[in-house]
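Just so you know, the protein sequences line up as chains A and B, in that order.
The numbers in the first sequence follow UniProt numbering, run straight up by one, and end at 284.
The numbers in the second sequence follow UniProt numbering, run straight up by one, and end at 284.
Any given hint might turn out to be false.
[What the hints assert, rightly or not] Per label pair, the in silico range of CB-to-CB distance:
hint, chain 1, residue 1, chain 2, residue 2, range
1, A, Thr75, B, Asp225, 21 to 27 Å
2, A, Glu46, B, Glu257, 35 to 41 Å
3, A, Asp41, B, Glu257, 35 to 41 Å
[Said to hold, decoys possible] Only some residues are given here: those of chain A computed to face chain B with a beta carbon under 7 Å:
hint, residue
4, Val17
5, Asp84
6, Leu96
7, Glu100
8, Ile103
9, Asn110
10, Gly118
11, Gly242
[Claimed, not checked] Dumping the calculated DMTMM-like pairs for lysine to aspartate or glutamate here, alpha-carbon to alpha-carbon at most 20 Å:
hint, chain 1, residue 1, chain 2, residue 2
12, A, Lys166, A, Glu62
13, B, Lys13, A, Glu12
14, B, Lys44, A, Asp154
15, A, Lys150, B, Asp147
16, A, Lys44, B, Glu21
17, A, Lys13, B, Asp147
18, A, Lys24, B, Glu12
19, B, Lys253, A, Asp147
20, B, Lys253, A, Glu12
Treat the hints as calculated values from the structure; they're not laboratory data.
Even glycine gets a Cβ: it sits at the ideal position worked out from N, Cα and C.
There are 2 protein chains.
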Amino acid sequence: MLYIIGLGLSNEKDITVAGLEIVKKAERVYLEAYTSILMIDKEKLEEFYGRPVIIADREMVESSSDAILASSSTTDVAFLVVGDPFGATTHTDLLLRARELSIPVRTIHNASIMNAIGACGLQLYNFGQTVSMVFFTDSWRPASFYDRIKENRDIGLHTLVLLDIKVKEQSLENMARGRKIYEPPRYMTVAQCAQQMLEIEAEKKEGAYSPNTLAIGVSRLGSLDQQFVAGTLEQLAEADLGPPLHSLVLLGKRVHELEIDYIRAFAADVEAFNSAYEMEHGRE
Amino acid sequence: MLYIIGLGLSNEKDITVAGLEIVKKAERVYLEAYTSILMIDKEKLEEFYGRPVIIADREMVESSSDAILASSSTTDVAFLVVGDPFGATTHTDLLLRARELSIPVRTIHNASIMNAIGACGLQLYNFGQTVSMVFFTDSWRPASFYDRIKENRDIGLHTLVLLDIKVKEQSLENMARGRKIYEPPRYMTVAQCAQQMLEIEAEKKEGAYSPNTLAIGVSRLGSLDQQFVAGTLEQLAEADLGPPLHSLVLLGKRVHELEIDYIRAFAADVEAFNSAYEMEHGRE
Numbered sequence: 001m002l003y004i005i006g007l008g009l010s011n012e013k014d015i016t017v018a019g020l021e022i023v024k025k026a027e028r029v030y031l032e033a034y035t036s037i038l039m040i041d042k043e044k045l046e047e048f049y050g051r052p053v054i055i056a057d058r059e060m061v062e063s064s065s066d067a068i069l070a071s072s073s074t075t076d077v078a079f080l081v082v083g084d085p086f087g088a089t090t091h092t093d094l095l096l097r098a099r100e101l102s103i104p105v106r107t108i109h110n111a112s113i114m115n116a117i118g119a120c121g122l123q124l125y126n127f128g129q130t131v132s133m134v135f136f137t138d139s140w141r142p143a144s145f146y147d148r149i150k151e152n153r154d155i156g157l158h159t160l161v162l163l164d165i166k167v168k169e170q171s172l173e174n175m176a177r178g179r180k181i182y183e184p185p186r187y188m189t190v191a192q193c194a195q196q197m198l199e200i201e202a203e204k205k206e207g208a209y210s211p212n213t214l215a216i217g218v219s220r221l222g223s224l225d226q227q228f229v230a231g232t233l234e235q236l237a238e239a240d241l242g243p244p245l246h247s248l249v250l251l252g253k254r255v256h257e258l259e260i261d262y263i264r265a266f267a268a269d270v271e272a273f274n275s276a277y278e279m280e281h282g283r284e
Numbered sequence: 001m002l003y004i005i006g007l008g009l010s011n012e013k014d015i016t017v018a019g020l021e022i023v024k025k026a027e028r029v030y031l032e033a034y035t036s037i038l039m040i041d042k043e044k045l046e047e048f049y050g051r052p053v054i055i056a057d058r059e060m061v062e063s064s065s066d067a068i069l070a071s072s073s074t075t076d077v078a079f080l081v082v083g084d085p086f087g088a089t090t091h092t093d094l095l096l097r098a099r100e101l102s103i104p105v106r107t108i109h110n111a112s113i114m115n116a117i118g119a120c121g122l123q124l125y126n127f128g129q130t131v132s133m134v135f136f137t138d139s140w141r142p143a144s145f146y147d148r149i150k151e152n153r154d155i156g157l158h159t160l161v162l163l164d165i166k167v168k169e170q171s172l173e174n175m176a177r178g179r180k181i182y183e184p185p186r187y188m189t190v191a192q193c194a195q196q197m198l199e200i201e202a203e204k205k206e207g208a209y210s211p212n213t214l215a216i217g218v219s220r221l222g223s224l225d226q227q228f229v230a231g232t233l234e235q236l237a238e239a240d241l242g243p244p245l246h247s248l249v250l251l252g253k254r255v256h257e258l259e260i261d262y263i264r265a266f267a268a269d270v271e272a273f274n275s276a277y278e279m280e281h282g283r284e
């Protein structure tokens, strides 16, 4: 049996009791380590589980997924993923492949950014589609997020923006020479995200949002030192929310006064927050 | 400290290790029991925790929330909720009240229907706003869900429909006479939901969806006997997905072929599924 087990958001104790029982008895334990990252080291997990954990990076999953799966037909294999098993497309691929090979699969759910973001104070049912923001380069500035945010905001909905992480990247030179030397990991910050959003609005000028639009910057969600900062995009473009991981929520118009009361406590500047809210949402 | 702890979706072992540690040491343990239900009994929880659990129904939370909160300022109180702490508006109210009283609060996240629904095979980032479906009566047929579904589908997005549960309801007569006699609990089925959706489309005729629109019925998500049935709304209006809880996902146009491959395995009737898919989504 292949068990795909969600680890939740922050540390080793965010696994469920059911998940931990499986990890303790599985023949082998893999940790998926390229679509997301946990906020703790592999060593800490191993100590907590009392088991060795094999890091499954992109290379391994792409080149050896059949080996991982094959052994699952005779023994129990645990494949650990940060958040929930259905948080990333890759895991659907793995599930489809397992189905083709007639390997039984069970998934153990957990919290992920997609539901835990409710902690920012906005009701989850008023979120529209989720978008991703990648690091811009001089020649690559993908802006499809812009149209999606506009679609959400046109009907009053909030948008969760997931921020790029770059892990195990090679420089062009090292890649060309086939040298397996990797750049240090990079995690996009709320400030970088807000800056890129403002750049694209300045180019497109379709009014999907403005420098005055309210947003909530979120960091280390689910950990003891999680942080929320509410402010305009212009303010968030200057905000420092500390170490990774960061996310951003752009507010839509469909927001209840109780939600605003809740969020106001996170305001970078309460007066600026109130005036931005009145300007965008009016007094109704 | 007030701990609001998500229990996840299905049984006593879906709590996280961190959550269980808190339950074991808390002074008192409440179980919120009116916005959702767990698929197991209170007694099973008590046995697993080795602790008494106090059921907090709507009456208690509305009339005694300050009592629950007051004791949290001096001792540790655990308030357990099915799914994730931020799944229901009520818990935001509780958090706001705790903040007013300067009571420290910590939340322990877990899976909820809002992210675990990814198990149906559709990518979560292509879901729009979530809607609720209540039991229609002869005189009360709230149809606001219809406009929201139309908004989602107009921009290609899927819609998660959360189905009504009626727990501890009084008949009008018993209510009028002040008798605390409650009706047996009722849980809406996928079939009832699909029927009500079709009734409203037949009335409104705005083409938000049709009897031929594909949807996925989901039951007992996260449990060992969870079930998915994919089919047209017309088919789902006749489908039997067994015991509660049920949910429904209405497909949008923004769907990848890999997702359709994954879902096809749940089809009530593969040929009907394929022809409905081609009719609504075309061959692109």
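Which hint numbers does the structure go against, in order from smallest to largest?
Violated: hints 7, 8, 11, 14, 17, 20.
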